[in-house]
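> One letter stands for each residue in the lines below.
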Amino acid sequence: MSVLIYLIPASLGLGLLGLATFLWSLKAGQYEDMDGAAARILLDEEDVPASAKSDGASLR
Amino acid sequence: MSCCSASVMVGPTDPPADDQPGAAVQDELWLESREIAPGQRLSELSVPTIHCVGCIRTIEEGLKAVPGVLDARVNLTAKRVSVQWEGSRAPALIETLKDLGYAAHPWQAAGEKKDEVLARLLRALAVAGFASSNIMLLSVSVWSGADAQARDIFHWISALIALPVLIYSGRIFYLSAWSALRRGHTNMDVPISIGISLAFCLSLYDTMRSGPHAYFDGVVMLLFFLLIGRTLDHVMRERTRSAVKGLARLASKGALVEKEDGTRAYLPVEEIQVGSRVIVAAGERIPVDARVLAGSSDLDAALVTGESDPQPVGPGAQLQAGTLNLTGPLTLEATATVQNSFLSEMVRLMEAAEAGRSTYRRIADRVSRLFAPTVHTLSFLSFLGWMVATGDPHRAITIAVAVLIITCPCALGLSVPMVQVVAARRLFDRGILLKDGGGLERMAEIDTVVFDKTGTLTLGRPVLQNRNGLDSDHLDLAAALAAHSRHPHSRALVDAHPTARPTAFIEVAERPGFGVEARLGEDVYRLGLPAWALADQAQQREVANKTVLSKNGKLLAAYSFIDPLRPEAAAALRDLQRKGLKLEILSGDHQAAVEALARKVGVSAWQARMRPADKTARLTALAEQGRKVLMVGDGLNDAPALAAAHVSMAPANAADVGRNAADLVFLGEGLDAVPEAFAVAKRSARLVRQNFALSFTYNAIALPFAILGFVTPLFASVAMSCSSIVVVANAMRLNRGARRRNPEASGTMSNSIRVNPEPVR
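Top to bottom, those sequences are chains V and D. At position 13 of the first sequence the residue is numbered 13 (the working numbering), and the sequence of numbers has no breaks. At position 336 of the second sequence the residue is numbered 1336 (the working numbering), and the sequence of numbers has no breaks.
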């Protein structure tokens, strides 16, 4: 039974981690354009290192 | 906009100084952008015709190539583009998009806030989901026979998880229940709130006394399922609402006003006074009711009065707000402020019509009005019954709580929004936007359909007649000349002959109210009214109602135009009649035009020369006969009728007032959207009824067990999940057959690129 002392906090902790990740992704606006995200995978973008791209490339 | 003629080679033209609609658009862009960093601004544009990955690429790459633009990002879901730019003037964003083939409009930044309600619902949903999965893990080990000591620990942990969730996620229901109670009535949230609170308190009490049963899992799962229903309902409403809001605006935001000292300023329309001198360039809408002081032009009043032919106007003419100035700049004197203009008049008529319409109560509300008191009574009765029978208050309360929990309307809460979300998605794929679920419910009840004529049954713009019988050399010349004009007939010529050979015209000039004139070598070509273009009187009479092309006053070709039926109009109307609906046409156009069209589409009931108030009166009369009317209309003059009807539908190129009044908006050109929407509404109504039947059956089976005291937390959890899953699965059946039709559906969406045949300015 003593194993529960570790397992229950561990399972709750993992659950909380998942919850926190979801809340973060929600706040970061990842659900604002679901159709666009599905479509954009078809776009071939130039593969340039991030440092070489022009500034201001992120608009959320 | 001057970019229209970019593809035609022309000599030097000499546009009048006032003809700079682009400047006004850029002023408006500046007004509606917001500063995100020093020197950098962000504009949001609504582009209703974005629909695929190709559009994303074209638009983003096209905009990034404009000088001053730092970044552009398309949101496909909301059909909007955010553009980051720098500089003291807005870059030519709208013009660029127009060249790329997309109509775009500045998005009102002021009314735009991030959807706070949705974010709150999603957060509450996430928290409830986390809690219910973790409590369920603990509960499963309790059910599978944990010993008494471990069970107590698990119950305590469950209680610790459930309490914050009850406060955080349950708040949404508590607040709604409280506001309903305060106004003296009850809604579905009242039994939910009482149920979850009582169940939590009882379980906590049992946990303290090391009891065997706790309902923490049931409480949290209930919250989770109910929040899913709530969130879906909200998502569906907001999504289409924002798509509708983003379409073209009819009312001008501002206008160029000439002050007494001769200076000009771009002022918001609210600041225009009676007597102000307003300058309206070609391609702009008339901002307020006004009289023409100087200039002449043609006015497109199709959206305002329903008349299909453009009207020539000159000094002294009275103009109504909302009409479109087509060909020449006008100097106007305002005769009314914006509050007293025709447009606002329509809005007032509309509000009156809306107030007169019997309020429709949504089906879920009607059900919950019956449901909530029933649940309360049953629960209270079982408490009393067990008190009398056993005299054990703890036992009696446990059973009363079990009754509350088991009857709590999980499945009921999911049954309507789930069907409506699926239906809205189906309609969206077919290019039909549904503004709220209530519209879909009302759509299923209709027995009569009333159509407007101009712009609804017809396309509302002229098309060249007898295209193939015309001399193509002459058509080349005519199309090249027509490219310099905004007159609908010129547009139709260009559309009919997009591959015109470039012609090196010089001194091209538009004579407002008459036509276009240009020189080619020594010859003078004119395209326009016969009386102006032709020298010979006899010939003028011969082609009196046509548009002619002449060379040095001699007739080269005469063109006639018709306002064609929308694609599928006749078939759609037949389809509706076959489904047993009565059809009627109410139009503001003249008798002969309406009669001819009514005969062509096979509708026997029609009325012509209807003013907006007449249309509303007719709809009220129909409603008094007990008929449920679907009104399909596009014009400003239809807006009050749209508001008065039981349910209403408008094409996307309708006046925005009308579009806001309509419950459904269709993006494609085809009128087959009407029978399609009706069919989906009918099927949804059937599925909603089935879902209600399913959830009531579930209640009818589970309730006796609960009242007799056989319900354990395990039983409650299983029953609750099963009923919800059945309801959701049933709603999904609406999608059957949808995949097969998808190619067709995407065709409808791509047609919609031509939805706005005329620019807003």
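A hint or two may mislead.
Reference excerpt, derived from the structure (chain D facing chain V, CB under 7 Å, subset only) [what the hints assert, rightly or not]:
1. Arg1057
2. Asn1075
3. Leu1349
4. Leu1475
These aren't lab readings, by the way, just hints derived from the structure by calculation. Predicted model only: the values in this text are computed from it and were never measured. For glycine and all other residues, C-beta sits at the position ideal for the given N, C-alpha and C.
> All hints are to be evaluated individually against the structure, with a verdict given for each.
For each hint, the structure was consulted:
| no. | hint | in the structure |
| --- | --- | --- |
| 1 | Arg1057 | 6 Å, holds |
| 2 | Asn1075 | 4 Å, holds |
| 3 | Leu1349 | 38 Å, violated |
| 4 | Leu1475 | 40 Å, violated |
Hint compliance for this structure: hints 3, 4 are broken, all remaining hints hold.
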